Every structure is written in C-alpha cells, then in structure tokens.
Amino acid sequence: MRLQPNEIASILREQIEKYEVPTGVEEVGTIIQLSDGIARVYGLESCVALEMIEFTHGVTGLALNLE
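Residue numbers for the sequence shown, in this note's numbering: 209 to 275.
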C-alpha cells in the first residue's frame, strides 16, 4: 500500500485540527521580603485589594497593601 502526497497532507491536516493545547494566563510576581508571615511581592500589576494570592507549595495569602 502506497500513500499519495495528498492523502498524507489530509491526514496531517486532520491531526493538526484535532490538536489542543491547554492554555491559561498567570501573573507571576517576585517575593522581595518575607518576615513574620508577611511577604512583600513585586510585579503583580493587576492585583487588587483583598485578592487571594497563591504562592508556591500551595500557600495562599491576602493582598492588603497595594503601594
């Protein structure tokens, strides 16, 4: 059995159309100071007051001061 170039192209086209990549948007900041359970974070430009923030290792925090 020998495949024709147009058959190969249609198989590839079909596979590409079915291909899905899960995507998501995350905003990542940098911890610049950490003491007494309070973290100062730089780079969260769209963070709002009282927003829950997820840190690494499953730790969550609450945005209080947005200076």
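Keep in mind that the hints were calculated from the coordinates and are not lab data.
Hints should not be assumed to be uniformly reliable.
Distance condition first, Cα-Cα at most 20 Å in a straight line; then the derived SDA-like pairs of lysine to any residue [unchecked claim]:
1. Lys-226 with Asn-214
2. Lys-226 with Gly-237
3. Lys-226 with Glu-215
Every value quoted in this text rests on a predicted model; they were computed, and no experiment measured them.
For this session: Please write out, lowest number first, the hints stated earlier that are contradicted by the structure.
Result: 2
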